[in-house]
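A.B. asks: Okay, here's what each chain looks like letter by letter:
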Amino acid sequence: MRRLSYRQALREAFDEELARDPMVMLMGEEVAQYNGAYKVTEGLWTKWGDKRVMDTPISEAGFIGMGVGASMLGVRPVMELMFWSFYTVAWDQIINNAGMVRYMSGGLINCPIVIRGPANSGTNVGATHSHTPESVIAQFPGMKCVVPATAYDAKGLMKAAIRDNDPVMFMENTLLYGEEWDVPDNSELPGGELVIPLGVADIKREGSDLTLVCHGRAVLTCLKAAEILQNEHGISAEVVDLRSIRPLDEETIFNSVRKTHRLICVDENKPFGSIGSQIAAMVQQHCFDDLDAPVLRVNSLDAPAFYSPPIEKIQNPTPEVVVARALEIC
Amino acid sequence: MSAPITSKPVKHADAAINKSLSVEKKRALYRDLCRIRRFEQISLKYYNAGKMGGFLHLYIGQEAVAVGCVSLMGENDHIITAYRDHGHALAVGMDMNACMAELFGKRTGCSKGKGGSMHYFAPDKNYWGGHGIVAGQTPLGTGLAFGLKYKGLKGAAMAFLGDGAVNQGSFHESLNLAALFELPIVFIIENNGYSMGTSQKRSSAYPSCLAERAVGYGMAWKQLNGEDLYEVRAGVHDALERARNEHKPMLLEISTYRYQGHSVADANKFKYRTKEEVERYEREHDPVGIFKAHLLRDGTLDEAAATAIDQAAITEAEAAAQFATQSAFPEPAEIFDDVYWEVDQKTESGQTGRHFFND
Ligand SMILES: Cc1ncc(C[n+]2csc(CCOP(=O)(O)OP(=O)(O)O)c2C)c(N)n1
Ligand SMILES: [Mg+2]
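Line by line, the protein sequences give chains A and B. Final position of the first sequence in our numbering is 330; the numbers increase by one with none missing. Final position of the second sequence in our numbering is 1359; the numbers increase by one with none missing.
Each hint should be verified, as a subset may be incorrect.
[Said to hold, decoys possible] In silico lysine-lysine, DSS-like type, Cα no more than 30 Å apart, as pairs:
hint: 1; chain 1: B; residue 1: Lys-1151; chain 2: A; residue 2: Lys-47
hint: 2; chain 1: A; residue 1: Lys-51; chain 2: B; residue 2: Lys-1201
hint: 3; chain 1: B; residue 1: Lys-1222; chain 2: B; residue 2: Lys-1248
hint: 4; chain 1: B; residue 1: Lys-1151; chain 2: A; residue 2: Lys-51
If you're looking for bench data, these hints aren't it; they were derived computationally from the structure.
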């Protein structure tokens, strides 16, 4: 098995999809000649040329809208937001146009577009560059939203997102781009390629006493917390990585809770209306009799992202906080 | 026709694109003008009778713009506009019954009752809406042009917007992208003088006209008089040819006027402009009357033929209202259709994971 970084895995997904379908193209600020602000698209312009890998001006409303319009005609643009934080200036195009055009046209038009880029805090760039909009995006029926935690998932989910015929908002993480994971070569795979369907969660660690539901970088936080819980407290935590927020794999969550009877939702959203809030609502309704303790949430502390490095570090969920909350209910 | 006939001559009858029109085609243009006007007058009647919800932005007074532009469309030409979209819809050939039923909120409507007046679409006729957010359609139009060029098709997009929409950032971003990427698109400002209750002078800073803003993007521009269908056709034809052949965008500003309030629910329709101003336009600049007078003069129509065309439009619009009245409202279960393609098509992806979150 090869080791591949999260960014290399994404790059492989793009390269394979560019080769598979001539309608697939990449665009965004600095994605082509500069090789990507985070080097995710490195080398692809050299290989695929101006038509398939295209730089845009700093004009998010304009170029995201342009991509949406092109997708209505059957082009399949994969659009980079240099930071997902910049969604605010393209919001109308993303929500009203990509998200609503199918519905308002009574199903006559669809929009097979992927909008992608890093969506995380924790890099000391201040509040404007540290948004985690998955809970905001998932608010909108018509949208799909994917947040991979590992290189393996990043590659497989990106390929599925590009093939999907609905708008998929794909949220990466600058703190994960360099992390290396096992990613099989296509020749090692039965189907000859890695495609992970949207809407299927993944149990990243099995356990019996407590379920930690998480996504994105919080998955790594939870894996560390589970390790500590096991080694220091004899508590066996199961880590459920959602991978896809909308569609959502509720069965895997419910089955885990029915086994462990305890749930903590961990994510890097702000608490109000976080992904964890949605899951807590679903679990209390569907697994009421299975629960032995209240459902807890661990979120990013409820203030805009703090710049100062040591303070920002504690603003996001840490393994220590997850462990402490777990001990409250175990 | 209720619109008065003015004796004002049309100016561009000799332009090649107009000279080549057959008698049948000229009658068809007149028919399109009448159908749009009658459709809207009759929809207004039913709106006032409480048959519709929400907004109804009428295009009455502006018809020659949509009819003129759409009459130039070829197989690979596409259009997109804002919420004042009925005229463009009928001009591209959308079914009047389906358009009327949409206003009534019926399942037989062009968007199955999901879009309403502001959101008509007919992708099979290269009509991409119908958009409610001021200027939000202009990046999409830019994308249509991008898509044409990407696919190697020879064609052009026309993106319509109002004189108020020119102050939105998304429009300026679109101008820049279109010029930068050399996209085959014609942006068409339908300048009716007002954005809701705000006159052009109170909303825009400009040297001589709005279209001149194109200069900042190195883009060609031109002003046209929208009361004259032939002038619209002549000017837009040139812009389209340039877009199709040279991949050069252009910005056109077509002066026009709306007779009704901004929407039917315009409480101030005689506060920001005078009744006299509206009446003068109807009397002296009516695009339907001007074109009719021309066709009477050049022998395409006689009074009886003109009346027959207009009468047929009234009959068709009334029949559409009957169709709409008799059609059923959507079923509550239809709320969840047309949200996701994959779900509607029952693909594996559409059946994996939970897509809707009702308790
Ligand atoms: C972003 C946005 N702001 C405000 C509105 C409300 N609104 C709808 S139409 C309109 C006036 C637009 O005028 P103009 O662009 O001249 O077009 P016209 O109505 O004259 O066709 C306003 C303010 C809106 N729909 N979208
Ligand atoms: Mg206006």
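A.B. asks: Please write out, lowest number first, the hints stated earlier that are contradicted by the structure.
C.D. replies: Violated: hint 2 alone.
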